[in-house]
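Asker: Sequence:
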Amino acid sequence: MVKIRLRRVGRKKLPVYRIVIADAMSPRDGRFIELIGQYNPRVAEGGLKVDADRASYWLSVGAQPTDTVRSLLRKAGVLKQRHETRLASKLQAKAVPVGEKKAEEA
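In this text, residue positions in the sequence shown follow the working numbering: the first is 115, and each later residue adds one.
Hints are computed from structural coordinates only; laboratory data are not their basis. A couple of the hints might just be wrong.
What the hints assert, rightly or not - In silico BS3-like pairs for lysine-lysine, Cα to Cα no more than 25 Å straight-line:
{"no.": "1", "residue 1": "163", "residue 2": "127"}
{"no.": "2", "residue 1": "163", "residue 2": "126"}
{"no.": "3", "residue 1": "127", "residue 2": "204"}
{"no.": "4", "residue 1": "194", "residue 2": "117"}
{"no.": "5", "residue 1": "208", "residue 2": "194"}
{"no.": "6", "residue 1": "204", "residue 2": "194"}
{"no.": "7", "residue 1": "189", "residue 2": "163"}
{"no.": "8", "residue 1": "204", "residue 2": "163"}
{"no.": "9", "residue 1": "208", "residue 2": "117"}
{"no.": "10", "residue 1": "117", "residue 2": "163"}
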């Protein structure tokens with residue numbers, strides 16, 4: 115299974131985390147597939163950078179985010195954007211143009 119999780123980098127007592135795509139069996143700071151962002155918890159503003167397109171792609175192919183990464187993706191707006199695009203495509207499929215609707219009723 116593929117997971118979206120944090121990988122710790124930085125020095126002692128000054129952590130910085132990278133948001134990576136990794137196999138669930140690989141160690142926390144071990145091998146990973148792709149780097150999609152970075153999180154610095156010591157910085158209030160601008161401490162979170164995420165490549166939204168790549169995160170959305172990996173979520174669409176079945177990658178499971180950890181709880182912490184899920185909250186970070188929510189904070190970055192990735193999950194909301196993904197939800198809105200999925201909802202829009204579902205509503206678009208159900209929509210019937212006005213001209214066709216009147217023809218069906220007649």
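Asker: For every hint, state whether the structure bears it out.
Answerer: Status of the hints after comparison with the structure:
For the hint pairing residue 163 with residue 127, the CA-to-CA distance comes to about 21 Å; that is within 25 Å, so the pair holds. For the hint linking residue 163 to residue 126, the alpha-carbon distance of about 22 Å falls within 25 Å, and the restraint holds. With a C-alpha separation of about 47 Å, the suggested pairing of residue 127 with residue 204 is violated against the 25 Å cut-off. Between the alpha carbons of residue 194 and residue 117 the distance comes to roughly 20 Å, so the proposed pair stays at or under 25 Å and holds.
Only pairs whose Cα atoms come within 25 Å are accepted, and residue 208 paired with residue 194 is accepted, the gap being roughly 21 Å. Distance hint between residue 204 and residue 194 is fulfilled; the C-alpha atoms sit about 15 Å from each other, no more than 25 Å. With a C-alpha separation of about 11 Å, the suggested pair residue 189 and residue 163 falls inside the 25 Å cut-off, and the hint holds. About 29 Å separates the Cα atoms of residue 204 and residue 163, which puts this hinted pair outside 25 Å; it is violated.
Using a Cα cut-off of 25 Å, the hinted pair residue 208 and residue 117 is violated, with the two alpha carbons roughly 33 Å apart. Proposed proximity of residue 117 and residue 163 is supported: the alpha carbons are some 18 Å apart, at most 25 Å.
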